[in-house]
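Number of protein chains: 2
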Amino acid sequence: MAGTEITRRRLYWLGLAAMAVSAEGAPAKRAIGGAERWGIAELAFKGPQVGNPFLDVSLSADIRQNSQSITVPGFYDGDGIYRVRFSPPTEGIWHYVTKSNTAELNGREGSIHVHALSRNNHGPVRVANQFHFAYADGTPYKQIGTTSYAWTYQSDAICATTLKTLDGSPFNKIRMAVFPNGSVHFEPPYPFEGSPGHFDLERFNPIFFRRFEAYLKALQDRQIEADIILFHPYDGDKFGFDNLPTAADERYLRYVVARLSAFRNVWWSMANEYDAMKYKTEADFDRFFQIVQSADPYGRLRSIHHMHKFYDNNKPWVTHASIQSGAIAKDDERASILRDIWRKPVILDEVQYEGTCPYRWGQLSGEEMVSRFWVGTIAGAYVGHGEYIENENQAVWVGTGGKLHGTSASRIAFFRKVLEQGPKQGIDVIDKWYDRHLAGVPGEYYLHYFGKETPQSWNFVLPQEGLKDDMQFAVEILDTWNMTVTKLPDVFVLKRKDQYDFADTLGRSIPLPAKPWIALRITRV
Amino acid sequence: MAGTEITRRRLYWLGLAAMAVSAEGAPAKRAIGGAERWGIAELAFKGPQVGNPFLDVSLSADIRQNSQSITVPGFYDGDGIYRVRFSPPTEGIWHYVTKSNTAELNGREGSIHVHALSRNNHGPVRVANQFHFAYADGTPYKQIGTTSYAWTYQSDAICATTLKTLDGSPFNKIRMAVFPNGSVHFEPPYPFEGSPGHFDLERFNPIFFRRFEAYLKALQDRQIEADIILFHPYDGDKFGFDNLPTAADERYLRYVVARLSAFRNVWWSMANEYDAMKYKTEADFDRFFQIVQSADPYGRLRSIHHMHKFYDNNKPWVTHASIQSGAIAKDDERASILRDIWRKPVILDEVQYEGTCPYRWGQLSGEEMVSRFWVGTIAGAYVGHGEYIENENQAVWVGTGGKLHGTSASRIAFFRKVLEQGPKQGIDVIDKWYDRHLAGVPGEYYLHYFGKETPQSWNFVLPQEGLKDDMQFAVEILDTWNMTVTKLPDVFVLKRKDQYDFADTLGRSIPLPAKPWIALRITRV
Numbered sequence: 001m002a003g004t005e006i007t008r009r010r011l012y013w014l015g016l017a018a019m020a021v022s023a024e025g026a027p028a029k030r031a032i033g034g035a036e037r038w039g040i041a042e043l044a045f046k047g048p049q050v051g052n053p054f055l056d057v058s059l060s061a062d063i064r065q066n067s068q069s070i071t072v073p074g075f076y077d078g079d080g081i082y083r084v085r086f087s088p089p090t091e092g093i094w095h096y097v098t099k100s101n102t103a104e105l106n107g108r109e110g111s112i113h114v115h116a117l118s119r120n121n122h123g124p125v126r127v128a129n130q131f132h133f134a135y136a137d138g139t140p141y142k143q144i145g146t147t148s149y150a151w152t153y154q155s156d157a158i159c160a161t162t163l164k165t166l167d168g169s170p171f172n173k174i175r176m177a178v179f180p181n182g183s184v185h186f187e188p189p190y191p192f193e194g195s196p197g198h199f200d201l202e203r204f205n206p207i208f209f210r211r212f213e214a215y216l217k218a219l220q221d222r223q224i225e226a227d228i229i230l231f232h233p234y235d236g237d238k239f240g241f242d243n244l245p246t247a248a249d250e251r252y253l254r255y256v257v258a259r260l261s262a263f264r265n266v267w268w269s270m271a272n273e274y275d276a277m278k279y280k281t282e283a284d285f286d287r288f289f290q291i292v293q294s295a296d297p298y299g300r301l302r303s304i305h306h307m308h309k310f311y312d313n314n315k316p317w318v319t320h321a322s323i324q325s326g327a328i329a330k331d332d333e334r335a336s337i338l339r340d341i342w343r344k345p346v347i348l349d350e351v352q353y354e355g356t357c358p359y360r361w362g363q364l365s366g367e368e369m370v371s372r373f374w375v376g377t378i379a380g381a382y383v384g385h386g387e388y389i390e391n392e393n394q395a396v397w398v399g400t401g402g403k404l405h406g407t408s409a410s411r412i413a414f415f416r417k418v419l420e421q422g423p424k425q426g427i428d429v430i431d432k433w434y435d436r437h438l439a440g441v442p443g444e445y446y447l448h449y450f451g452k453e454t455p456q457s458w459n460f461v462l463p464q465e466g467l468k469d470d471m472q473f474a475v476e477i478l479d480t481w482n483m484t485v486t487k488l489p490d491v492f493v494l495k496r497k498d499q500y501d502f503a504d505t506l507g508r509s510i511p512l513p514a515k516p517w518i519a520l521r522i523t524r525v
Numbered sequence: 001m002a003g004t005e006i007t008r009r010r011l012y013w014l015g016l017a018a019m020a021v022s023a024e025g026a027p028a029k030r031a032i033g034g035a036e037r038w039g040i041a042e043l044a045f046k047g048p049q050v051g052n053p054f055l056d057v058s059l060s061a062d063i064r065q066n067s068q069s070i071t072v073p074g075f076y077d078g079d080g081i082y083r084v085r086f087s088p089p090t091e092g093i094w095h096y097v098t099k100s101n102t103a104e105l106n107g108r109e110g111s112i113h114v115h116a117l118s119r120n121n122h123g124p125v126r127v128a129n130q131f132h133f134a135y136a137d138g139t140p141y142k143q144i145g146t147t148s149y150a151w152t153y154q155s156d157a158i159c160a161t162t163l164k165t166l167d168g169s170p171f172n173k174i175r176m177a178v179f180p181n182g183s184v185h186f187e188p189p190y191p192f193e194g195s196p197g198h199f200d201l202e203r204f205n206p207i208f209f210r211r212f213e214a215y216l217k218a219l220q221d222r223q224i225e226a227d228i229i230l231f232h233p234y235d236g237d238k239f240g241f242d243n244l245p246t247a248a249d250e251r252y253l254r255y256v257v258a259r260l261s262a263f264r265n266v267w268w269s270m271a272n273e274y275d276a277m278k279y280k281t282e283a284d285f286d287r288f289f290q291i292v293q294s295a296d297p298y299g300r301l302r303s304i305h306h307m308h309k310f311y312d313n314n315k316p317w318v319t320h321a322s323i324q325s326g327a328i329a330k331d332d333e334r335a336s337i338l339r340d341i342w343r344k345p346v347i348l349d350e351v352q353y354e355g356t357c358p359y360r361w362g363q364l365s366g367e368e369m370v371s372r373f374w375v376g377t378i379a380g381a382y383v384g385h386g387e388y389i390e391n392e393n394q395a396v397w398v399g400t401g402g403k404l405h406g407t408s409a410s411r412i413a414f415f416r417k418v419l420e421q422g423p424k425q426g427i428d429v430i431d432k433w434y435d436r437h438l439a440g441v442p443g444e445y446y447l448h449y450f451g452k453e454t455p456q457s458w459n460f461v462l463p464q465e466g467l468k469d470d471m472q473f474a475v476e477i478l479d480t481w482n483m484t485v486t487k488l489p490d491v492f493v494l495k496r497k498d499q500y501d502f503a504d505t506l507g508r509s510i511p512l513p514a515k516p517w518i519a520l521r522i523t524r525v
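Chains as they are written, first to last, in the working numbering: chain A, 1 to 525; chain B, 1 to 525.
Looking at chain A on its own, in the form it has when it is part of the complex (with noise of 0.2 Å):
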């Protein structure tokens, strides 16, 4: 098939080959150089070929620097290869030691040389001061996501234009899933051996991953977070993925985190509507949770994403919601209550799709998009965005990629303009439950939204948290819309007004263009 070729050639292309990737078949002792900290160290390993190596070779590593031990899994990947894959986390020395059920892949040790990050790399994104997120270096990570959940199943032309599309989009995360979607154009390979109707869930088919993690690497090198959807509910009786049996289910689980969980851009989604996959129930979600986060040895991130019924995102195993609704994302205080609730970083996954979807969940204009995401904000949450507009062989975004048609997308890069301007630690609701619409960081940092509004002036009163007498603010008018920014003359002065807030000692109002979608940003002096 022509798409394996292309996709051999592509993974040279993407600079796999900056990985240890030669099989190593001598029992000696031997080094491996180059890694790079949160890059990918991996050690390859001839192997046995008979019988079904995915079901009857175990392989793992224990690799120790210091006091430091990881126990990292291996797995297959088909032509006699066995490997291992670490994203070291120190630089330095990590000594290696293998453990295997077969012999020859037992006790095989060695040592990674690992270097110093390279210019674009921050490390994994984490969950940060509760609410938020940081790449490991402390760099912030200021969440702007979108969906295509079968991008990768189209074909390398189509690929390579949802690239380009995200060169030029805002998007620091995509969501898109492992499975195929049986409602939207799909093209092999396929997870599994096989074709529909027939696969063995027995065999994976190496070269799909490859395919995967070759696009896994070009967003990490768009510094594009790769949300991974773990199962969903569209498989459409076509491939049997969303119903497959327990012990299946536990090896793909297994072997996805042996095989991607170096990536340092991977999270978790366990599922897309999780309520919505009629095979499955919530206590198989909890299960796979904890399969995921006992395999995966680096802790990336995980969450799930529901329909109509949330997930307890109190359990330990989640590290943020993530969460579908438009109504949530149209008030604040709807969106905060999450927050409060979970005391979770709050991702608004899915807030509704810009376009012109007959179902009523993707017909957002691409204003109400954007403010979905300033809303967002506000309630001290993250957004992501979707597109439903078909193209000319209606496809649309959310499911194949390609490219985008919307008015949002360019909006959406001003605003994460204004939020990598913004506090580095986050923006946190100010005044929860009184209806301000204000967030950021008291004393030093205000956002308000007015959203749908079109006022024709705001009183300039603060409340009080942070605030004393004569602190100094300026104030920007942001049209979110027409991009603007702008910056008034005056400094406002400030005065305890009451036990609550303080104003502008003058009592000045700030004069505002009576459209809509105007932000205010007040920040210290």
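Keep in mind that the hints are not guaranteed to be accurate.
Which copy is meant is left open, so a pair is good if it fits within one copy or across any two.
[Unchecked claim] Distance condition first, Cα-Cα at most 35 Å in a straight line; then the derived DSBU-like pairs of lysine-lysine:
#1 K417 to K238
#2 K142 to K309
#3 K468 to K309
#4 K497 to K46
#5 K99 to K164
#6 K495 to K452
#7 K424 to K238
#8 K424 to K309
#9 K452 to K238
#10 K309 to K344
#11 K238 to K468
#12 K309 to K238
#13 K515 to K487
#14 K309 to K495
#15 K344 to K403
#16 K278 to K424
What the hints contain is simulated information worked out from the structure, not anything from laboratory work.
With chain A fixed as given, assemble chain B onto it according to the hints.
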């Protein structure tokens, strides 16, 4: 003290004589008659008075009928009298055997004859239909709460006024604290022996509890549930009850449960504003919940009330969520999120107070207070009232009871009537997350609430769930403030409008009075 004497008289007045209160000294088996199903059968025994009976003597009874056995804790009631209060869940004969570390109280046996319910006894309130409540006999219980923290700490005269106020009010639940409130007027007795600064934390004060129980019974006679607040942060360093040693906390909980749990109108609220209790951690409240859950033989409803930090109401010992938030009660979509997340009944116990408080949490107009009841109902939740309007003694209902001075209670009575005429199984959100502001039972019963909006008409359109062509509906316009019900002469006949909705066949709209606080009641003909 005059108060104490009056209390003793009151005990008889309140009909506690109906319990089998006579202390029994003989070791022979005896039979108690006259106990009512879900009433209280009380066993009383003479026992040791030496040492400290509160610490030294353990007592419980195993009470059995056929294969069902209930272990009921006993308590020391002073003057050498020990009691076990049993609220029998079924009619017929129950056999008891006591257990004690004192020979005198150990192995006492007898039988209890339980007869049928009296007219106003529907049994205890329990969770029903996941999000709602019903009495044990199946009668729906539509919660209409109010709060008066320290009403039982007032003079007998004021307490009598409070009960009279409740007689004329719509409220069928009152939130009330065991411990006094340092910032409002209080009078002895106290739960512990002694006085402020000199409490003996190893001795409870039976006189306090007998008075408290008399008021519980007075509430029960009025069909009012008592949501008993076990801890609160308003001690103000006057009593130290918010900072008891661990052992005293547990003894207190066990003593309260042993004395009060047999009252069928008891609910347990672990705390008011638990997160404002500076000497207690969240883990303490987990523990308190578990102590109460294990000690209470009747499984009374259990909740906890917060200030800013929601408790994790998914925890298994929480029967329903008890919420404080003005913002949440302003928007049904906000409130329904809580139901969705916790999958349990939600009571918006404090939605701010009607009144003229200098603080913003006590400044609601009567209209706004009433509106929150309607909004909460449309969210499939329940709501509580509170009033902060000072009387001539600077006392307010929410602190000390007395009279109500606001304008909301009569409208809440109108609301209660609507609720009681509504579907037995409760009112649930219909087509959530689309800002329909519609709730009821699909295909049967709809409430639509307009709040502050003042529309001139409403298009007859309903979401498809439960609907078919040609179904017929009647419409009533409810003016929730002026308490009028206007039935429209027309009958509306359904026809499918699109993939989501049905509309009136003739495309009719409903003319509305262009006033705020309007609701529609739409019922199947």
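* To do: List, from low to high, the hint numbers that the structure doesn't satisfy.
  => 1, 4, 5, 7, 9
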